[in-house]
Amino acid sequence: MPLTPEDIAHVAMLARLGLSDEERSRYGAQLDAVLEHMTRLNDVDTSPVGETAQVGELVNVWREDISQPSLSVERALANAPAREGDFFRVGAIQE
Amino acid sequence: MSFTGGTVAASAAALRDGGVSPQELLTEARAQVERVDAEVGAVLTPTWELAERQAADAQRRLREDPGAASPLCGVPVALKDVLCLEGVACTAGSRILEGFHPPYTGTAVQRLLDAGAVVIGKTNCDEFAMGSSTENSAYRPVRNPWDRSRVPGGSSGGSAAAVAAGMVPYSLGTDTGGSIRQPAALCGVVGFKPTYGRVSRYGLIAFASSLDQIGPFAHTVEDCALVYSAIAGHDPRDSTSSPTAVEDPMEALRAGIAGMRLGVPHEYFGEGLEPGVRLAVEEALRVLEGMGATLDEVSLPSTGAALSTYYIIAPAECSSNLARYDGIRFGMRKEHDALLQMYLDTRGSGFGAEVKRRIMLGTYALSSGYYDAYYRKAQKVRTVIAEEFAAAFERVDALVCATSPTVAFPLAAREDPLSMYLCDVLTLPVNLAGLPGVSLPCGMADGLPVGLQVIAPRFQDARALRVAHAYEQATGWHRTRSPLVAAAAA
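First to last, the protein sequences are chains L and A.
If you read the first sequence in the numbering used here, its first letter stands for residue 1, the second for the next number, and so on.
If you read the second sequence in the numbering used here, its first letter stands for residue 1, the second for the next number, and so on.
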């Protein structure tokens, strides 16, 4: 089932990607082709198996709750595009 | 004596017998970068001042106690530009990280620094390590040192080309679906992706966290083993790093392969394999047999679904990981009064086409209504793929096959995303199962290098290196060098 322009616009908004009209139509066609290939997933019988989210075999890695040195405020803010005092400065969240 | 195009082991020996100093190695590395990198494009950010200080420090360590110094002490290295080194610009090949200076150093890099490494710079790569040709770098493409009209592979193309062009004897890259092994194959060097969990990912800019792994490029398997020994091991700062003890690979290298059972997965010898690649790999199989290994055909029936599995799981993880590039705490920001518009403008203009495609694909696969059909299904196929490898390893000790179905291809030859994704069809199943894999040179086709891939069970990294080393020592393909190295020696 091909992606509609509405699907592409919806996904782009979910991902917070501002796309041009040209990008939306190009990526839409390319994603259609890739998703068509993905139907090969259905060639594999997965009824007897569970999902693999990670292959590390580790479960619940614990450590003692001990405070340790971490980034200073100055170093954490050093890459900020805009700051005000000890804060990151951003535009209005609500209109 | 020139060390351009030389090995880590040769540099380490000469540093100890007084044949060369760290400063001299650095001077040679810099001369080669300045001579050839304008046409290769491997180094994004050189770090010559830092390297000078590190060379002086290494010199002092080697003079005070040469026996205690690591084999990497005083030897130049280049780092893929997704690995954080405090205070040195780190772009991940993306405009969105332009101007970003990491406030800390990642664990693998720190372990090299502790060993006395001399870092000459950060290497070019596909944006956020997404690609198979390094053409997705937002800065410039990398060109193959064997033929500058062709790609070096990717995504760690800069790290592979830097070694192949003789700029450094070794480098670090990262491998999520083949991004170390495939460029190693296309550039005629050795590349090693360790078992998932062996090398800490702390300080690695994340692409797909369940698949990413850091590893070395070098001219020999022994050099890769030396680097692996230095960077592998548990790190409490990466909760997926394994606490199990790391086997000494140097010991294993000496063991040879007589009596070993090697599996040949027949799905990996399908029609997509170029005739020249097939020829070189089949010849390599005969060599391994001649050395006393037994070859057994094995089947990995779900190989055909691995590409689809990977291109659901990796983009899904990337769409989540790359949410952090929001223009607020670091990197680029397209200023706007309203926050939402700032997000859209920053991410829309900061990311390149392939990154945007993968974020879209991953977001779609995770979105309501499609999650079960794509993401959950892919995770189940991942289980099947891992179980098929495990079943094969009950019969054989390791698997051998081609690394890349093709030799290096011309720039701009694969504009269609799916044709580019097919580059990794022989490497990405290894990441899905978390296995160690080596690629090493096994011949030439049309004047371009061909790579042989050795795959071992989880945590049998030393065994993968052992098979690769035995083949390499028996054939000598590791002594071939790109024309850019030969020209330096002339």
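Worth double-checking, as some hints may not be accurate.
As the list claims (entries may be wrong) - Not everything, but these chain L residues come out facing chain A in the computed CB check (under 8 Å):
id, residue
1, A12
2, A15
3, R16
4, A33
5, V34
6, D43
7, T46
8, G50
9, V59
10, S67
11, V73
12, R75
13, A76
Keep in mind that the hints were calculated from the coordinates and are not lab data.
Beta carbons: idealized from backbone N, C-alpha and C, even for Gly.
Hints the structure violates: just list their numbers, smallest first. 9, 10 and 11
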